[in-house]
Amino acid sequence: MSRLILILVCLLFATSSLAANTYTSKGLKDVYFGEALYHAFQGDWFQSIARLDTELGQYRGLDEPALDTLYYHVDHAEFAVGDFELAYRMHNRAGRAITAVIEGNVEEPVRNEAIYRLARLYFQKNQPENALHALERIRGVIPANIRDDLEFLRGQIFMANGRFVEAGRIFKDLQSAKSLEGFASYNLGIALLKEGKEQEGRQYLDRTGQILSEIPATLAIKDKSNLVLGYKLLDEKSVENARLVLERVRLSGPFSNRALLGSGWADASQNRFDRALVPWSILAQREVTDPAVQEAMLAVPYAYGKLNVYGHAAVMYGKALEAFGKEIDKLGSSIKSVSEGKFLEALTREELKQDANWVVKLRNLPEAPETYYLLELMASHDFQESLKNYLDLDELQKKLATWERDLDAFEDIILKRRAYYQPLLPEIDRGFRQLDSQMRLRLEQRNRIEKRLHAMLVAPRPDYLATAEERIILEDIGRLEQSLAAKGAAVPDENKGRISRLRGVLLWNIRTEYDQRLTDAYRDLRDLNVVVDQLKKQYDAFVRTRQAATQSYEGYDDVIRRQRNLIASAQEKVKVLMARQGNMLETMAVNELTKRRERLEQFQITARFAIADSYDRASKAQTEKSATTQTEKSVGNQSEKGVRNQAAPSVEKQAEKSVDNKTEKSVGK
Amino acid sequence: MHKLLTVIVLGISALLLILPAYAQEAPKEQIKGLDEQVQEIKTDVLSIAAELNKLEEKLLYPSDTQIAIFVSVPQGEKFRLDAVDIALDGKSVAHHLYTFKELEALQKGGVQRIYVGNVRTGEHALQVTVLGKSEGGSDFQKGESFKVAKDIGPKLIGVVLAGNGTGNNTITLKDW
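These protein sequences, in sequence, are chains A and B.
The numbering of the first sequence is numbering that gives the first Met the number 0, which starts it at 0 and goes up by one.
The numbering of the second sequence is numbering that gives the first Met the number 0, which starts it at 0 and goes up by one.
Keep in mind that the hints were calculated from the coordinates and are not lab data.
Because the structure is a prediction, the values reported are computed rather than measured.
Wrong hints could be hidden among the right ones.
[Unchecked claim] Under the rule of at most 25 Å between Cα atoms (straight-line distance), these lysine to aspartate or glutamate pairs were calculated in the DMTMM-like manner:
#1 A:K572 - B:E35
#2 A:K398 - A:D43
#3 B:K57 - A:E623
#4 B:K141 - B:E103
#5 A:K535 - B:D150
#6 A:K398 - B:E101
#7 B:K100 - A:E384
#8 B:K31 - A:D393
#9 A:K397 - B:D43
#10 A:K398 - B:E50
#11 A:K28 - B:E76
#12 B:K90 - B:E143
#13 A:K124 - B:E28
#14 A:K536 - B:D174
#15 A:K397 - A:D43
#16 B:K107 - A:D147
Assemble the whole structure, with the sequences as input and the hints as a guide.
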């Protein structure tokens with residue numbers, strides 16, 4: 000069941016990453032959302048969450064979110080952050096993010112998709128009851144892209160809650176869903192078996208085991224189905240069928256070793272040891288750390304013994320014994336190495352993380368015996384999760400150390416900026432204040448002129464537009480008139496007339512040119528406005544730059560101090576957690592390696608007994624053969640003797656031939 | 000003796016089927032408790048990251064002078080992008096070599112922030128050079144020059160790299 004759940008979880012992750020691809024299908028409007036996706040598509044969950052969190056935080060603080068570019072993606076972004084958190088194994092936060100969507104003011108399909116994700120989360124966290132309660136809240140329209148996945152999840156949850164009848168009904172309805180090919184029928188088979196409908200259950204497992212597909216996930220579930228059905232049949236002594244089913248498992252897949260082993264046992268249980276040798280011989284040549292391979296190394300000579308080829312059996316038991324001895328030594332070194340902390344060091348090697356297949360590569364690391372058996376350890380879900388947590392903590396520790404250095408650099412920058420700006424700013428400020436007062440004065444003048452010109456449109460005032468020269472002349476005329484009047488003598492008419500004419504000429508010009516002058520004044524004002532605008536821009540730019548100068552070194556001390564404290568506190572926590580998580584991993588590894596060693600030690604004992612037994616039987620057979628030979632010699636039947644001597648090797652040859660045939664057949668498939 | 004051997008081997012075979020459960024020995028509660036704590040510290044560190052991002056932006060790239068350049072490719076593009084070089088006002092400011100994972104992330108619709116820096120307000124020369132392999136397999140190098148106007152507030156420039164299968168790739172700008 001645990002393995003079943005593991006496979007189902009793999010499928011769920013596959014659908015989750017598919018969902019991620021649809022985030023941008025309608026065209027990207029928000030660059031920061033795109034940036035978060037860029038990190039997410041590379042599996043850099045930390046960066047993607049950090050970016051998207053910041054963007055969503057800013058969006059939620061907006062007065063008019065509809066004007067923001069994230070508005071077009073906000074539903075996807077809310078989901079995406081939950082998905083990323085889930086991928087980063089922050090299930091609690093992912094749950095909260097999804098719950099926020101459910102409880103928010105969203106449309107029915109969006110809400111239903113959120114409930115589906117929440118249910119999936121509960122299911123992954125082994126809380127099937129909560130998952131079921133969540134699904135019960137689904138009402139109305141369900142988005143087409145999750146319809147099948149939702150039903151599949153519902154089926155899984157029913158299974159996890161022991162409600163196999165309902166689960167079976169759902170899986171039956173999903174048989175035509177292409178995206179779930181293999182998974183729906185496999186689960187239906189399991190549900191029917193659990194329900195007690197043995198025959199029907201087997202039929203569906205059998206059907207899954209015969210699917211024709213090129214999709215890796217479907218091929219994996221096909222193999223899994225054949226393995227489960229094969230071992231079931233083997234348990235029930237239906238060995239012929241078991242063999243046929245197990246032979247359908249691919250020779251290169253993850254289930255191939257156990258299938259080969261089972262296939263051999265199917266033949267062996269019918270005393271067809273020559274045929275059992277075919278799969279076992281293939282298996283015995285594979286990676287020696289695999290438990291099935293180790294068992295095959297004993298099973299092969301066991302079969303030879305059964306075929307009365309005792310000498311060869313003894314030799315192979317000897318080889319197995321030697322191999323087990325080496326593996327026991329390796330396991331001993333591994334246990335020692337793990338206890339010395341080298342296992343954790345090996346796991347955090349930087350070069351490994353460049354390769355997607357890094358767990359497999361661990362086995363080949365030079366001078367790292369602690370990692371030989373890691374693949375088998377990885378079969379445990381708890382170990383996997385603990386390992387991922389440890390690696391995440393290691394990443395966090397590195398990030399925190401980098402940030403600490405960043406803060407040092409920030410402080411350096413601030414110090415340099417302060418040293419540069421502080422002596423300069425007082426002088427700059429003084430100069431600016433002078434310019435500022437001059438500018439204000441001029442702007443006031445300009446405003447007065449503008450106001451006056453506007454008033455003149457309603458009430459014309461030609462005198463306002465007299466030139467400076469005209470004003471001087473008018474003043475001169477005025478002074479002349481006053482001076483003549485002051486002397487008390489009568490002013491000659493001729494002079495009076497000349498003064499009046501002069502004034503008249505001036506006033507004539509001022510009034511007749513008024514319209515043109517007003518137009519010119521407006522044009523000048525417009526020209527002035529251009530200059531004033533430029534001045535204002537320069538002024539604003541200066542004010543901004545001046546503010547920026549101060550802001551470039553003022554107001555950071557508290558923030559940096561707070562961040563330093565937070566980083567220090569987080570570093571302390573990470574250190575403690577890493578130690579605990581590392582200790583847990585080491586304990587799990589040592590326990591596993593110890594058990595594997597004990598198992599191999601048992602194998603060694605078995606092999607030793609078997610060698611002794613094989614030699615006994617070989618010598619007994621030799622004695623019997625010698626006696627027979629003597630008798631035959633005495634009767635002089637030489638030709639029959641030749642046939643008997645070749646009997647044993649012929650079995651070996653037959654076995655080798657079968658191995659070749661089997662290999663060819665598999666390759667041909 | 001052979002009977003005994005059969006029993007031992009079959010017994011071990013049965014043991015084999017339950018092997019993956021070997022390592023599940025640490026108490027479940029302990030594993031769960033640690034997992035919860037790891038989740039908490041991740042939350043703490045993420046919030047530190049968010050604060051530091053803000054601090055960094057304010058300190059190093061104030062909005063008045065900030066210019067950020069983002070690279071994207073239309074979804075489903077098949078050409079192989081090897082490197083992008085960005086020069087601003089005649090000075091190379093960013094040069095990026097793409098890994099397979101990065102290229103795949105771009106092709107799926109991700110957007111890469113290739114450069115963030117500071118410039119004065121006004122017009123600036125932007126030169127983008129792209130190196131790669133076209134869908135047909137031929138090497139290509141393409142360069143384009145643009146003028147970008149920096150105003151008050153951050154300037155976010157998108158560089159969109161597209162191919163047409165013949166090696167005649169296009170580089171266009173978009174304002175984000």
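These are the hints, each one checked on the structure:
Distance restraint check for K572 of chain A and E35 of chain B: the Cα-Cα separation of roughly 13 Å lies within the 25 Å cut-off, and the hinted pair is therefore satisfied. The straight-line distance between the Cα atoms of K398 of chain A and D43 of chain A is roughly 13 Å, inside the 25 Å bound, and the hint therefore holds. Restraint check: the Cα-Cα separation between K57 of chain B and E623 of chain A comes to about 95 Å, which exceeds 25 Å; the hinted pair is violated. Our distance criterion of 25 Å between C-alpha atoms is met by K141 of chain B and E103 of chain B, whose separation comes to about 21 Å.
Our distance criterion of 25 Å between C-alpha atoms is met by K535 of chain A and D150 of chain B, whose separation comes to about 15 Å. Of the supplied pair hints, the one linking K398 of chain A and E101 of chain B holds, its CA atoms being roughly 21 Å apart against a limit of 25 Å. For the suggested pair K100 of chain B and E384 of chain A, the alpha carbons sit about 24 Å apart, so the restraint of at most 25 Å is met. Under the criterion of a C-alpha separation no larger than 25 Å, the hint pairing K31 of chain B with D393 of chain A is consistent with the structure, at around 19 Å.
Only pairs whose Cα atoms come within 25 Å are accepted, and K397 of chain A paired with D43 of chain B is accepted, the gap being roughly 15 Å. Distance check on the hinted pair: K398 of chain A and E50 of chain B sit about 14 Å apart at the alpha-carbon level, within 25 Å; holds. Simply put, K28 of chain A and E76 of chain B have alpha-carbon atoms about 19 Å apart, close enough for the 25 Å limit, and the pair holds. A hinted pair counts as satisfied when its Cα atoms are at most 25 Å apart, and K90 of chain B with E143 of chain B qualifies at roughly 15 Å.
Among the hinted pairs, K124 of chain A with E28 of chain B is consistent with the structure: their alpha-carbon atoms are about 13 Å apart, no more than 25 Å. Only pairs whose Cα atoms come within 25 Å are accepted, and K536 of chain A paired with D174 of chain B is accepted, the gap being roughly 24 Å. With a C-alpha separation of about 15 Å, the suggested pairing of K397 of chain A with D43 of chain A holds against the 25 Å cut-off. Distance hint between K107 of chain B and D147 of chain A is fulfilled; the C-alpha atoms sit about 24 Å from each other, no more than 25 Å.
Checked against the numbered hints given earlier, the structure breaks only hint 3 and satisfies all the rest.
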